[in-house]
Structures are given as C-alpha cells and as structure tokens.
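*Asks:* Sequence:
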Amino acid sequence: MTTPSQASGGSLVLDAEALYRELLRGVRSMLTPTTRLAGIASGGAWLAERLQKDLGLEGPHGVLSSVMHRDDFAQRGLSASAQTALPFDVNGSDVLVLDDVLYTGRTIRAVLNELFDYGRPASVRLAVLVDRGGRELPVQADFAAARVALPAAQSLALARDDSGTFQFQVKEA
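The opening position of the sequence shown corresponds to residue 1 in the UniProt record's numbering, with each subsequent residue numbered one higher.
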C-alpha cells in the first residue's frame with residue numbers, strides 16, 4: 001500500500017499513477033480463472049478499462065452505475081454518468097468491483113443492488129485506489145492502494161486526461 005505525502009503547504013498530494021501501479025499489483029494477486037472486472041462509473045470504470053488491458057484479460061470489462069439504487073435519489077436525481085453494462089454472465093462469476101475512492105460505503109451498497117439485478121455471482125470483491133475512511137455502512141475494500149484521512153468538507157475524485165493518465169483532484173465541498 002502506498003502512503004500519500006503532504007506538500008509544503010500541508011495539502012494532500014496523491015500520485016494517482018503510482019497508486020494505479022499499486023492497484024495493478026493488488027488486482028493481479030486477486031485474479032482467478034473466473035474473475036470479471038466491473039468498474040463503478042466513472043472513475044472505477046476508467047480503472048477497469050485500463051486494468052483489463054494491462055492485465056491482458058480477454059473480453060470486455062463491465063460498468064456499474066449506482067444511479068437507480070441510491071438512497072439519496074430524491075436529492076441527486078438522475079446523473080449523466082454511464083449506465084450499467086455487464087457484457088458477461090454474472091451468474092457464477094467472481095466479480096471484482098473497482099472504484100476510485102471508497103468513502104461512506106453508500107455507492108458500494110447501491111452498485112451491489114444493481115449487480116444482483118443481473119444475476120448471482122459466486123463472489124464479489126472490492127478494490128479501490130483510495131480508502132478515505134468515513135464509513136456509514138459496514139463496507140470495506142479487499143484491496144486499497146492507499147488509505148488517507150480527509151475532512152468531510154473535502155472531496156477526492158479521479159480525473160483522466162486525453163492520454164489516459166490519472167490525476168486526483170481534492171476539492172472543498
């Protein structure tokens with residue numbers, strides 16, 4: 001697991017590419033012959049896409065959307081994020097769900113409901129780039145490339161440039 005550093009002004013510095021390399025190592029060790037990757041839209045989907053290629057896995061990766069199962073749907077409404085696409089048989093698969101940041105656990109709960117709408121996997125595991133704590137539900141990652149503490153007033157989001165390089169953005173809420 002990679003440890004984040006502090007910049008001279010005390011702000012958090014996360015090297016998203018270094019964390020991705022750590023995630024790649026961790027995911028490689030978790031693979032089984034029936035593992036299928038499914039990333040949560042959008043950051044997790046970007047991770048799944050790149051991992052699928054870098055690990056040389058056959059077939060397409062899946063994308064999971066939390067939109068239809070969110071418990072804050074009345075406040076958030078429909079988002080413009082990607083819709084769920086699972087181009088593999090969920091039944092009996094070992095599904096490795098990928099996300100950029102694990103925080104309260106509510107998005108994971110929503111995507112698990114979405115996943116089970118498509119079938120019954122043999123197992124579901126979770127791998128994330130960053131676990132920032134602050135859980136509201138009993139959810140934990142099987143693998144996290146880094147663990148950081150951020151104030152509730154800050155958000156952490158993965159960004160991807162045109163060349164596919166990852167960066168993290170820390171924003172005040």
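Derived from the structure by calculation, the hints contain no laboratory data.
Each residue gets a CB set at the ideal place from its N, CA and C atoms; glycine is no exception.
Among the clues, some could well be false.
[Claimed, not checked] Across the chosen pairs, the derived CB separations fall in these ranges:
| hint | residue 1 | residue 2 | range |
| --- | --- | --- | --- |
| 1 | 154 | 59 | 23 to 29 Å |
| 2 | 152 | 13 | 18 to 24 Å |
| 3 | 83 | 173 | 33 to 39 Å |
| 4 | 18 | 104 | 37 to 43 Å |
| 5 | 113 | 154 | 23 to 29 Å |
| 6 | 94 | 117 | 17 to 23 Å |
| 7 | 18 | 151 | 34 to 40 Å |
| 8 | 119 | 172 | 37 to 43 Å |
| 9 | 139 | 35 | 18 to 24 Å |
| 10 | 33 | 85 | 30 to 36 Å |
| 11 | 30 | 120 | 35 to 41 Å |
| 12 | 29 | 169 | 24 to 30 Å |
| 13 | 151 | 32 | 36 to 42 Å |
| 14 | 35 | 136 | 26 to 32 Å |
*Asks:* Compare the structure with each hint and give your call.
*Replies:* These are the hints, each one checked on the structure:
1. 154 x 59: 23 to 29 Å: Check failed, 37 Å falls outside 23 to 29 Å.
2. 152 x 13: 18 to 24 Å: Holds, since residue 152 and residue 13 (Cβ atoms, about 20 Å apart) stay within the stated range.
3. 83 x 173: 33 to 39 Å: Once the Cβ atoms are compared, 26 Å apart, the range 33 to 39 Å for residue 173 and residue 83 is violated.
4. 18 x 104: 37 to 43 Å: violated, 25 Å
5. 113 x 154: 23 to 29 Å: Cβ of residue 113 to Cβ of residue 154: about 28 Å, so the range 23 to 29 Å holds.
6. 94 x 117: 17 to 23 Å: holds, 18 Å
7. 18 x 151: 34 to 40 Å: violated, 23 Å
8. 119 x 172: 37 to 43 Å: holds, 40 Å
9. 139 x 35: 18 to 24 Å: holds, 20 Å
10. 33 x 85: 30 to 36 Å: Distance hint for residue 33, residue 85 is violated at roughly 23 Å.
11. 30 x 120: 35 to 41 Å: Violated, at about 20 Å.
12. 29 x 169: 24 to 30 Å: holds, 29 Å
13. 151 x 32: 36 to 42 Å: holds, 38 Å
14. 35 x 136: 26 to 32 Å: The hint (26 to 32 Å, Cβ to Cβ) holds, given that residue 35 and residue 136 are roughly 28 Å apart.
Of the numbered hints listed earlier, those contradicted by the structure are 1, 3, 4, 7, 10, 11.
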